[in-house]
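Q: Construct the entire structure; sequences and hints are all you get.
2 protein chains.
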Amino acid sequence: MGKASSRACTLLFRLLALAATATATIVMATSHEKTTFFNIQIEAKFQHTPAFKFFAIANAIGALYSLIILFVPPVTSYSRLVLASDMVITMLLTAAVAAAGAVGQVGKKGNEHAGWLPICGQIPKFCDQVMGSLVCGFIAVLVYLVLLFHTIHTHTS
Amino acid sequence: MGKASSRACTLLFRLLALAATATATIVMATSHEKTTFFNIQIEAKFQHTPAFKFFAIANAIGALYSLIILFVPPVTSYSRLVLASDMVITMLLTAAVAAAGAVGQVGKKGNEHAGWLPICGQIPKFCDQVMGSLVCGFIAVLVYLVLLFHTIHTHTS
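The listed protein sequences derive, respectively, from chains A and B.
Under this note's numbering, the first residue of the first sequence carries the number 10, and numbering increases by one thereafter.
Under this note's numbering, the first residue of the second sequence carries the number 10, and numbering increases by one thereafter.
Please note: incorrect hints may appear among the correct ones.
No copy labels: a pair is met if it fits in one copy or bridges any two.
What the hints assert, rightly or not - Restricting the straight-line Cα-Cα distance to at most 20 Å, the calculated cross-link-like pairs of lysine-lysine (PhoX-like) are:
{"id": "1", "residue 1": "Lys117", "residue 2": "Lys12"}
{"id": "2", "residue 1": "Lys43", "residue 2": "Lys62"}
{"id": "3", "residue 1": "Lys118", "residue 2": "Lys134"}
Just so you know, the hints here were simulated from the structure itself, not pulled from any lab data.
A: Laid out in structure tokens, this is it:
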């Protein structure tokens, strides 16, 4: 692959990472549902669950980083720093998807041993939106993984 | 830093990663508590929670990888492959700590909005053991992060 096409490819993947992280943040941040259950009004918000808050914040950081990195010139002297910071962001996004996914799994399936009931039956819209957000977050992780492999392939000896 | 001392340092960190992942696996796999609550016998096992199972399996894979990598000769032609595989293992361990940590947080604090009660009051020994295991897993992630930064520092242009 030539240098120009390699750069175009990197730029495309960075834009994709920006889109995925920004979408994940927005979809999670707007997830909200009100419902009535046995005459009790339930309001589901992502802020009620620490793991979902962490997911939203991590993806917002990821989106900001993906935006800033677009303006970093592709000079070789930066590549080491970019590889290290890409790696840290990938780890942050991975942790966010894993944490939110684990709590989402409890919401969907419950945990009978702990006495935690599944709640997605009561708030299906909220659950679907959280799931959509998780899919975007997972895509962002995959895109960053491709970027990391590409950097390792081109810049390491 | 000379080449020999750099290699000794890497070996030390790899041994530390092996110890941390193996300890995390064993401590999680042996976590178990029986208790009686309102005349109902409760048995807490890590197998009852998918996130804890994932944590144990991920750390077992991490320990096996950390062991195998000790026998890979430090030849430059392998460094690219080692960097890539180190990165994937670090992401796996990060996901494991995040997923198990998120569910552990629900166990400790509960989630009143979802109607999930904290359960650590009933099974303190189990909770402490899971917490210890999470600390070991977190140490393993930090050790791998140092190893990754070291490899990036020494092998990238």
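Q: None of the hints should be skipped; say for each whether it holds.
A: Okay, the hints, checked on the actual structure:
{"no.": "1", "hint": "Lys117 with Lys12", "result": "neither (47 Å within a copy, 52 Å between copies)"}
{"no.": "2", "hint": "Lys43 with Lys62", "result": "within (19 Å within a copy, 33 Å between copies)"}
{"no.": "3", "hint": "Lys118 with Lys134", "result": "within (16 Å within a copy, 25 Å between copies)"}
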